[in-house]
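2 protein chains.
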Amino acid sequence: VENAPAPLFDVDEYRPAAPRAGEGALSTHDSGLVQVERWFHRHSSSLEEKFGAALRQSIDEVLDGQRTGRFDVEELEKTEKTYLGTKVEIVVRSAFDLDRGASMDYSIADCEVDAKWTSGKNWTIPTEAVGHICLLMSADDHESSFRVGLLKITDDIMNRGANKDGKRTLSAEGRTAIRWLIPDGRLPENLLLTLSEGDRSAIFNAGGPYRATPGGGQKRINELLRRVQGRVVDRTTAITVATQLDGPKRVRDARKYLQPEGILVLGHQGNDPKVARALGLPVPTKGSWLSVRVSRVSPGSGRPAATINGELYAVALPGEPVEPAPS
Amino acid sequence: VENAPAPLFDVDEYRPAAPRAGEGALSTHDSGLVQVERWFHRHSSSLEEKFGAALRQSIDEVLDGQRTGRFDVEELEKTEKTYLGTKVEIVVRSAFDLDRGASMDYSIADCEVDAKWTSGKNWTIPTEAVGHICLLMSADDHESSFRVGLLKITDDIMNRGANKDGKRTLSAEGRTAIRWLIPDGRLPENLLLTLSEGDRSAIFNAGGPYRATPGGGQKRINELLRRVQGRVVDRTTAITVATQLDGPKRVRDARKYLQPEGILVLGHQGNDPKVARALGLPVPTKGSWLSVRVSRVSPGSGRPAATINGELYAVALPGEPVEPAPS
Numbered sequence: 326v327e328n329a330p331a332p333l334f335d336v337d338e339y340r341p342a343a344p345r346a347g348e349g350a351l352s353t354h355d356s357g358l359v360q361v362e363r364w365f366h367r368h369s370s371s372l373e374e375k376f377g378a379a380l381r382q383s384i385d386e387v388l389d390g391q392r393t394g395r396f397d398v399e400e401l402e403k404t405e406k407t408y409l410g411t412k413v414e415i416v417v418r419s420a421f422d423l424d425r426g427a428s429m430d431y432s433i434a435d436c437e438v439d440a441k442w443t444s445g446k447n448w449t450i451p452t453e454a455v456g457h458i459c460l461l462m463s464a465d466d467h468e469s470s471f472r473v474g475l476l477k478i479t480d481d482i483m484n485r486g487a488n489k490d491g492k493r494t495l496s497a498e499g500r501t502a503i504r505w506l507i508p509d510g511r512l513p514e515n516l517l518l519t520l521s522e523g524d525r526s527a528i529f530n531a532g533g534p535y536r537a538t539p540g541g542g543q544k545r546i547n548e549l550l551r552r553v554q555g556r557v558v559d560r561t562t563a564i565t566v567a568t569q570l571d572g573p574k575r576v577r578d579a580r581k582y583l584q585p586e587g588i589l590v591l592g593h594q595g596n597d598p599k600v601a602r603a604l605g606l607p608v609p610t611k612g613s614w615l616s617v618r619v620s621r622v623s624p625g626s627g628r629p630a631a632t633i634n635g636e637l638y639a640v641a642l643p644g645e646p647v648e649p650a651p652s
Numbered sequence: 326v327e328n329a330p331a332p333l334f335d336v337d338e339y340r341p342a343a344p345r346a347g348e349g350a351l352s353t354h355d356s357g358l359v360q361v362e363r364w365f366h367r368h369s370s371s372l373e374e375k376f377g378a379a380l381r382q383s384i385d386e387v388l389d390g391q392r393t394g395r396f397d398v399e400e401l402e403k404t405e406k407t408y409l410g411t412k413v414e415i416v417v418r419s420a421f422d423l424d425r426g427a428s429m430d431y432s433i434a435d436c437e438v439d440a441k442w443t444s445g446k447n448w449t450i451p452t453e454a455v456g457h458i459c460l461l462m463s464a465d466d467h468e469s470s471f472r473v474g475l476l477k478i479t480d481d482i483m484n485r486g487a488n489k490d491g492k493r494t495l496s497a498e499g500r501t502a503i504r505w506l507i508p509d510g511r512l513p514e515n516l517l518l519t520l521s522e523g524d525r526s527a528i529f530n531a532g533g534p535y536r537a538t539p540g541g542g543q544k545r546i547n548e549l550l551r552r553v554q555g556r557v558v559d560r561t562t563a564i565t566v567a568t569q570l571d572g573p574k575r576v577r578d579a580r581k582y583l584q585p586e587g588i589l590v591l592g593h594q595g596n597d598p599k600v601a602r603a604l605g606l607p608v609p610t611k612g613s614w615l616s617v618r619v620s621r622v623s624p625g626s627g628r629p630a631a632t633i634n635g636e637l638y639a640v641a642l643p644g645e646p647v648e649p650a651p652s
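The listed protein sequences correspond, in order, to chains A and B.
Numbered per our numbering, the first sequence spans residues 326 to 652.
Numbered per our numbering, the second sequence spans residues 326 to 652.
Source of the hints: derived by calculation from the structure; they are not laboratory data.
The structure displayed is predicted, hence computed values, not measured ones.
It cannot be assumed that every hint is accurate.
Claimed, not checked - Across the chosen pairs, the derived CB separations fall in these ranges: (1) A:T538 to B:D571: 35 to 41 Å; (2) B:S369 to A:Q594: 35 to 41 Å; (3) A:E402 to B:N484: 21 to 27 Å.
Claimed, not checked - Think about it this way: if two alpha-carbon atoms lie no more than 20 Å apart in a straight line, the pair counts; the simulated SDA-like pairs of lysine to any residue are: (4) B:K375 to A:K492; (5) B:K581 to B:V647; (6) A:K544 to B:D424; (7) B:K492 to A:T404; (8) A:K492 to B:T404; (9) B:K492 to B:D439; (10) B:K581 to B:R552; (11) A:K611 to A:L570; (12) A:K403 to B:R418; (13) A:K403 to B:T449; (14) A:K489 to B:D490; (15) A:K403 to B:R552; (16) B:K406 to A:E386; (17) B:K375 to B:T449.
The beta carbon of each residue, even a glycine, is placed where N, CA and C say it ideally should be.
So here's chain A without its partners, still in its complex pose (with noise of 0.2 Å):
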């Protein structure tokens, strides 16, 4: 593909808008910010799914949810909150191999461009990025979504205050100008961020007043996968609700714990796939997690089972009396 005499893609298919009346050079233009979108697209065809990991990463690293189960970046203090677009930062130029800039964050296709992040709506540019290209990202875990997009920096799509730092916002037309890389992202799902409040505060607080409290990880976990059923729970998910760093253990004891109850905890090895197939779940992978609770049927029953220890067995409906899962 590297040696490939024609262009992947043709510069055409970027369908820049046509320039409006006052906005002068503009900006989506610039051949550098063609040059810099077409290396993504060439980078990788799973645009959108890479960068909303990296995002999704970034996140999780500084919620840190292990030592302080945090889940909702509105609790970050103000240096996390700083600190995350730095994060962001590190994290995509490792995702994409990305060479560091002489001036600017990244080189990319030759060009100098600055990562920038907002956990808002519009992004604050310093005024070394004048000149450059930023690459402009986003994101709204309570939403499940981010953006990512190019703009070359110029003077005239900044609004004209500028903070203490001398940095500047950009204004509702240099918004406009933004090529969007990946303008309605889907961010992988933040699980506990889904969750009813009278759900998360019975989680969180099942193990007692105190996180350290001895035995309280696994009351936790025992409790997520209670009111959290026939849903994916991932590792990032069990490590905050346990508060510790062997979540995924307290999720394997929580079978014991909830077999009296109906409840199977599946996994991604042995059985596991298949029973969740069979019941008509989604099927956990490698470090997640789903549990049902599950009745006896008999094979007539029209209901999606799975044969576990030579019995029938379906996803229980509500009212459903309890019986113990199978082993």
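Chain B: place on chain A using the hints.
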């Protein structure tokens, strides 16, 4: 132990310095401070090891050597240096299972305690901490040293000039009043910092000019193991030099590259610890390795030697001809 009728430590054991003229209400006599000090000593008999590991972990996480190749805190950006204080606060809270305070970072022995980190020689104290106890921590990674102490914050132990955030530094008198939990701790060594600039640049440039050059990680690891022999190479060093997640695999793969040069790479499994011991070398634990060039010797050599594949090997002396290592 919790129910023992007599306290494990007697307050008198702590021998607070006799008040000197001019010190006023000496902060070191604060009863809360004595309680906090006592709590730490009761909590762990290996305080130095525990704090040392927590500070090492904090520094290594912010360096993020696996992604960045960095090993020196001097290379951190300003936002990262600020964040390091937050990371230390989080890692120490987790290491000692500390509760959050109502107004300060921690609640220890019913006292509000604020975590304060400095990379320098003095600490910057916010106004809110006045009247409370600070857990003062600092480390010098180049000297493999760290200090941890306690101080009750009062107005009279701080310098007068406040910075723009209203924070003040400790006065010389204030620093003298610190009650050291660990006055001169040994920080787990940062191996890369101990190498000469020549060795470091040979290692980091072995793979070509770009960190992400294919095969570069393997070449850097090979060069590390050529130049650092007879010393334990820890996992952080391996992933920083490889600048990739599978640094440990690169170390294992180095065996076949270095075998023709007479270099053994020993790990913690199989016969490796036995061989290391017989050669008179440190024994690698899980997640660490040790490389050494060996030569065949005769039984009467008097040199510490290990029998491998029926032949006797000792650590090669400088100048001894290179012969392939046993596999």
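We went through each hint and held it up to the structure:
{"no.": "1", "hint": "A:T538 to B:D571: 35 to 41 Å", "result": "37 Å, holds"}
{"no.": "2", "hint": "B:S369 to A:Q594: 35 to 41 Å", "result": "37 Å, holds"}
{"no.": "3", "hint": "A:E402 to B:N484: 21 to 27 Å", "result": "25 Å, holds"}
{"no.": "4", "hint": "B:K375 to A:K492", "result": "42 Å, violated"}
{"no.": "5", "hint": "B:K581 to B:V647", "result": "15 Å, holds"}
{"no.": "6", "hint": "A:K544 to B:D424", "result": "19 Å, holds"}
{"no.": "7", "hint": "B:K492 to A:T404", "result": "16 Å, holds"}
{"no.": "8", "hint": "A:K492 to B:T404", "result": "16 Å, holds"}
{"no.": "9", "hint": "B:K492 to B:D439", "result": "14 Å, holds"}
{"no.": "10", "hint": "B:K581 to B:R552", "result": "17 Å, holds"}
{"no.": "11", "hint": "A:K611 to A:L570", "result": "17 Å, holds"}
{"no.": "12", "hint": "A:K403 to B:R418", "result": "19 Å, holds"}
{"no.": "13", "hint": "A:K403 to B:T449", "result": "17 Å, holds"}
{"no.": "14", "hint": "A:K489 to B:D490", "result": "14 Å, holds"}
{"no.": "15", "hint": "A:K403 to B:R552", "result": "43 Å, violated"}
{"no.": "16", "hint": "B:K406 to A:E386", "result": "17 Å, holds"}
{"no.": "17", "hint": "B:K375 to B:T449", "result": "24 Å, violated"}
In terms of the numbered hints stated before, the structure departs from hints 4, 15 and 17, listed from lowest to highest.
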